[in-house]
Amino acid sequence: MTDPRFFHPQGPISLAALADLTGGEAVGPAGPEATFDNVAPLSLAGPRDVSFLDNARYKGALATSEAGLCLVAPAARTLAPEGMTLLLCDDPYRAYARVAQAFHPVPEPTPGIAHTASVAADAGIPDDCRIEPGAVGESGVEMGSRCVIGANAHVGAGVVLGDRVRIGAGAALACCLVGSDVIVHPGARLGQEGFGFAMGEGGHLKVPQLGRLRIEDAVEIGANTTIDRGTGNDTVIGAGSKIDNLVQIGHNVVLGRNCVIVSQVGIAGSARLEDHVAVGGQGGIAGHITIGTGARVAARAGVMRDVPAGATVGGFPAVPMKEFMRQNAILARMGRKGEDDG
Amino acid sequence: MTDPRFFHPQGPISLAALADLTGGEAVGPAGPEATFDNVAPLSLAGPRDVSFLDNARYKGALATSEAGLCLVAPAARTLAPEGMTLLLCDDPYRAYARVAQAFHPVPEPTPGIAHTASVAADAGIPDDCRIEPGAVGESGVEMGSRCVIGANAHVGAGVVLGDRVRIGAGAALACCLVGSDVIVHPGARLGQEGFGFAMGEGGHLKVPQLGRLRIEDAVEIGANTTIDRGTGNDTVIGAGSKIDNLVQIGHNVVLGRNCVIVSQVGIAGSARLEDHVAVGGQGGIAGHITIGTGARVAARAGVMRDVPAGATVGGFPAVPMKEFMRQNAILARMGRKGEDDG
Amino acid sequence: MTDPRFFHPQGPISLAALADLTGGEAVGPAGPEATFDNVAPLSLAGPRDVSFLDNARYKGALATSEAGLCLVAPAARTLAPEGMTLLLCDDPYRAYARVAQAFHPVPEPTPGIAHTASVAADAGIPDDCRIEPGAVGESGVEMGSRCVIGANAHVGAGVVLGDRVRIGAGAALACCLVGSDVIVHPGARLGQEGFGFAMGEGGHLKVPQLGRLRIEDAVEIGANTTIDRGTGNDTVIGAGSKIDNLVQIGHNVVLGRNCVIVSQVGIAGSARLEDHVAVGGQGGIAGHITIGTGARVAARAGVMRDVPAGATVGGFPAVPMKEFMRQNAILARMGRKGEDDG
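So the protein sequences, as listed, match chains S, V and P.
Mapping to the working numbering: the first sequence position 188 is 188, numbers consecutive.
Mapping to the working numbering: the second sequence position 59 is 59, numbers consecutive.
Mapping to the working numbering: the third sequence position 99 is 99, numbers consecutive.
Derived by calculation from the structure, the hints in this document are not laboratory data.
Nothing here was measured: the structure is a model prediction, and the numbers come from that model.
You may find that some hints are simply not true.
Straight-line Cα separation of at most 30 Å, DSS-like style, residue types lysine-lysine; simulated pairs [what the hints assert, rightly or not]:
no., chain 1, residue 1, chain 2, residue 2
1, V, K337, V, K322
2, S, K322, P, K337
3, P, K59, V, K322
4, S, K322, V, K322
5, V, K206, S, K59
6, P, K337, S, K337
7, S, K206, P, K337
8, S, K337, V, K206
9, V, K337, P, K337
10, V, K59, P, K206
11, S, K322, P, K322
12, V, K322, P, K322
13, S, K337, S, K322
14, V, K337, S, K337
15, S, K322, V, K337
16, P, K337, P, K322
17, S, K337, P, K322
18, V, K337, P, K59
Please build the complete structure, drawing on both the sequences and the hints.
Rendered as structure tokens:
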């Protein structure tokens with residue numbers, strides 16, 4: 001069960017509805033009219049909860065789970081305890097996402113502008129938006145329908161938001177054009193001036209940063225992440241891309257669609273990531289290079305050169321993953337060998 | 001001396017009281033009734049100040065220091081200038097901590113709710129708490145005694161704080177249960193949704209994040225650090241653990257008691273750190289692994305596998321520290337050798 | 001052209017004035033009285049725009065550019081399309097910085113204190129300063145002329161700012177002495193307590209952090225960067241130094257003049273960087289070491305020992321750049337060689 005202080009499940013939902021939602025095949029004692037109240041992890045779930053197994057690491061938890069219903073891959077069916085009703089799904093994690101969303105839909109915002117919020121007279125804010133306490137909307141801001149601007153967030157002059165954009169507490173946006181269904185988590189800093197200086201012995205000269213940050217639809221941006229606006233061209237975050245916490249994205253970077261950028265990654269100025277690129281945690285991408293469609297950059301890799309589409313690279317400087325693993329094996333052997341020698 | 005703009009020492013304190021506080025043995029000209037006004041580093045201290053030597057690197061500063069009193073280990077006694085009064089302590093840094101706390105106790109907060117703060121009607125906030133300007137406490141918040149919510153901080157719906165919790169300016173908490181004597185520095189983001197998506201070619205499906213973040217007593221969390229709440233199980237920060245600035249802790253991570261996590265570390269989802277684990281700056285811990293009690297992870301290490309209790313590891317992928325140092329020695333030799341070859 | 005939602009160029013400016021501003025030599029069809037309206041990147045520039053070529057990577061864009069005027073190095077003159085007017089400059093990027101500043105000067109702040117701001121009665125704030133909505137200035141704050149405190153920023157008790165300091169939205173300053181012409185980007189956390197504990201089995205004892213953070217003139221500090229105040233001595237950021245986003249600088253660090261610290265760098269406590277040191281993105285500097293004047297630390301390098309003035313180092317543990325590159329070449333060969341073997 002979920003903590004009622006924080007979550008308010010919208011059940012019950014019938015097995016028939018859940019099967020419909022997931023495309024899964026129900027097997028076991030429960031009938032289609034049986035209902036469930038919530039989702040829960042295997043170890044905490046009770047008879048009124050729906051759970052799932054996706055990672056074989058947790059099969060022990062399945063064996064002893066008291067979940068009323070479990071989403072599993074057909075091949076994992078035999079791991080479940082006898083008498084548990086199952087929904088057999090090709091992709092149980094994706095199925096779980098749909099089920100959890102059904103029990104916990106994003107709440108509709110209660111519209112209104114808090115009396116401690118500050119909104120410019122010429123800001124275009126539909127009546128169905130919610131502006132929380134202390135939030136600030138500067139001159140010329142335009143919002144779509146049902147946006148939520150979190151407490152003490154700052155939406156700078158001229159910023160444009162699409163529909164259903166949710167800005168977290170204390171986030172700040174400047175010089176941004178934002179699509180619809182974008183989620184910005186607390187403390188993210190979007191569209192501020194990038195790090196642009198003409199370096200010189202006598203002092204570094206500031207280069208005005210005159211581009212924008214364009215964020216396309218369905219992007220999600222993590223807490224305390226920073227994305228600089230362009231210097232002249234724009235910085236662009238492609239539709240559906242998901243960016244974790246504490247990521248740095250420099251000016252003029254272009255991310256394609258559906259990229260996945262894990263926490264603490266740094267992407268230097270003018271790098272280009274094509275569609276479906278994934279970068280693991282703490283990775284780094286040098287400036288002015290291109291990472292091809294579908295390429296994968298391992299956690300903590302530092303990429304200094306272009307990466308072809310579909311490749312997987314690791315290490316620093318990054319090389320094809322197989323080579324990185326071979327390097328590691330050799331180094332590890334060297335490290336251990338010393339024990340005999342010395 | 002400390003800058004009177006910022007610090008207000010609560011002296012004088014007698015040598016007898018300081019000896020009592022630290023368990024140290026006083027040697028030198030000053031008598032037990034002699035008093036001191038403040039603490040100061042060796043190079044800045046005058047005759048009314050108490051200083052300390054902990055790191056042999058600074059023994060030159062001791063030799064020329066004008067401190068009235070110095071906390072030193074018995075073995076370092078001979079490094080002090082003639083005529084300086086000393087307090088001989090087994091652990092001078094710990095002794096200094098107690099002395100500095102005595103001169104600079106945490107000030108009692110002046111209670112009250114600033115008129116620009118926003119507090120929900122049903123929030124449970126004792127009269128002895130302090131809610132600073134622009135701070136927001138949402139519906140259902142419960143606080144213990146003498147909490148301080150810093151300027152423009154956000155305490156989300158249902159969050160529970162113990163006694164004497166101090167939340168820094170602009171920090172944000174959601175879905176958190178917080179113990180007593182917890183310090184959260186400015187801009188930390190606690191309990192927001194973790195990075196959970198069911199990835200797919202056609203787009204990444206958001207997985208609702210339905211767990212909590214539980215922070216036990218006496219935890220300290222650095223500026224702009226991010227800690228995500230659990231997905232179903234909770235994220236847990238064990239009692240007495242200290243977390244530095246710009247650290248990322250993913251959903252479902254469990255930290256034991258008295259862990260020390262230095263700045264810019266990243267701990268991926270569902271990792272488990274047992275008690276007394278220390279992770280050096282910029283280190284990384286992969287998801288779903290366990291770091292045993294008392295293990296130490298060197299700065300910039302990237303740990304991909306379980307680490308046994310008590311071990312020290314370094315490098316990426318992390319190996320026992322001795323092996324890492326051997327790898328480095330071999331690599332360094334290779335790098336230098338090339339000079340002759342090429 | 002720049003987006004009129006966000007930028008308001010102050011043109012037109014004549015070719016004669018631009019030549020004067022940059023010291024460049026005009027060649028081509030346009031006369032000295034010809035005027036231009038704005039700056040733009042090569043690919044977006046039209047006949048009324050000034051552009052520049054600095055990086056040979058973009059020479060293709062120059063060849064097809066429709067810019068009315070282009071700043072180029074004398075040697076790159078032949079890369080320009082026929083009939084384009086050029087300003088030949090020894091350092092086109094620095095020249096561009098001056099031109100872009102001329103079209104886009106920093107706007108003078110509209111003075112005043114927003115009605116949702118909170119300013120202590122004893123704060124010294126000249127009438128020409130601007131305090132944006134939700135910003136907080138605590139007791140004893142002193143500001144110079146024409147400062148801007150961004151929305152929901154927090155300036156702690158006793159903080160001193162010079163002239164023309166700009167603090168971004170949601171930033172927080174405590175125990176800081178700040179020079180003139182300093183820019184602090186949104187969400188930076190300056191002068192909070194550093195990570196100081198006397199570690200111990202029975203719990204970690206907090207060490208009061210009693211120093212200050214001194215920021216000299218013309219420093220720029222990036223979004224969500226954290227700089228801790230000193231423990232006893234001060235943390236110091238030297239004049240003209242530029243610090244990017246998400247950088248961590250520990251207590252007692254001393255940066256010289258005109259240092260350049262790229263994003264996500266971590267500098268551990270008591271490290272000293274002399275003048276003109278540059279540290280690439282995601283680099284790390286260990287505590288208590290010295291990096292000599294003009295030294296360069298490559299991106300992602302981890303420096304564990306003193307670096308002599310003028311040296312360039314890379315890798316982890318960092319070594320002279322040439323050795324690092326040799327190490328990489330050897331490792332890369334090993335990784336590839338395996339393909340034949342295995």
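Checked hints:
1. Distance check on the hinted pair: K337 of chain V and K322 of chain V sit about 22 Å apart at the alpha-carbon level, within 30 Å; holds.
2. Straight-line distance between C-alpha atoms of K322 of chain S and K337 of chain P comes to about 11 Å, which keeps the hinted pair within the 30 Å bound.
3. Distance check on the hinted pair: K59 of chain P and K322 of chain V sit about 50 Å apart at the alpha-carbon level, beyond 30 Å; violated.
4. A threshold of 30 Å between alpha carbons decides the hint, and for K322 of chain S with K322 of chain V the separation of about 26 Å falls inside it, so the pair holds.
5. Proposed proximity of K206 of chain V and K59 of chain S is supported: the alpha carbons are some 23 Å apart, at most 30 Å.
6. Our distance criterion of 30 Å between C-alpha atoms is met by K337 of chain P and K337 of chain S, whose separation comes to about 20 Å.
7. With a C-alpha separation of about 47 Å, the suggested pairing of K206 of chain S with K337 of chain P is violated against the 30 Å cut-off.
8. Our distance criterion of 30 Å between C-alpha atoms is broken by K337 of chain S and K206 of chain V, whose separation comes to about 47 Å.
9. For a cut-off of 30 Å, the pair hint linking K337 of chain V to K337 of chain P stands: about 20 Å separates their Cα positions.
10. In summary, the hint linking K59 of chain V to K206 of chain P is supported, as the alpha carbons are separated by about 23 Å, within the 30 Å threshold.
11. Restraint check for K322 of chain S and K322 of chain P: the C-alpha separation of about 26 Å stays at or below 30 Å, so the hint holds.
12. Taking the CA atoms of K322 of chain V and K322 of chain P, the gap is near 26 Å; set against the 30 Å cutoff, the hint holds.
13. At most 30 Å may separate the alpha-carbon atoms for a hinted pair to count; K337 of chain S and K322 of chain S meet this at roughly 22 Å.
14. Pair hint K337 of chain V plus K337 of chain S holds up; C-alpha atoms about 20 Å apart against a cutoff of 30 Å.
15. About 27 Å separates the Cα atoms of K322 of chain S and K337 of chain V, which keeps this hinted pair within 30 Å; it holds.
16. A threshold of 30 Å between alpha carbons decides the hint, and for K337 of chain P with K322 of chain P the separation of about 22 Å falls inside it, so the pair holds.
17. Restraint check for K337 of chain S and K322 of chain P: the C-alpha separation of about 27 Å stays at or below 30 Å, so the hint holds.
18. Restraint check for K337 of chain V and K59 of chain P: the C-alpha separation of about 39 Å exceeds 30 Å, so the hint is violated.
Of the numbered hints given earlier, the model fails hints 3, 7, 8, 18; all others are met.
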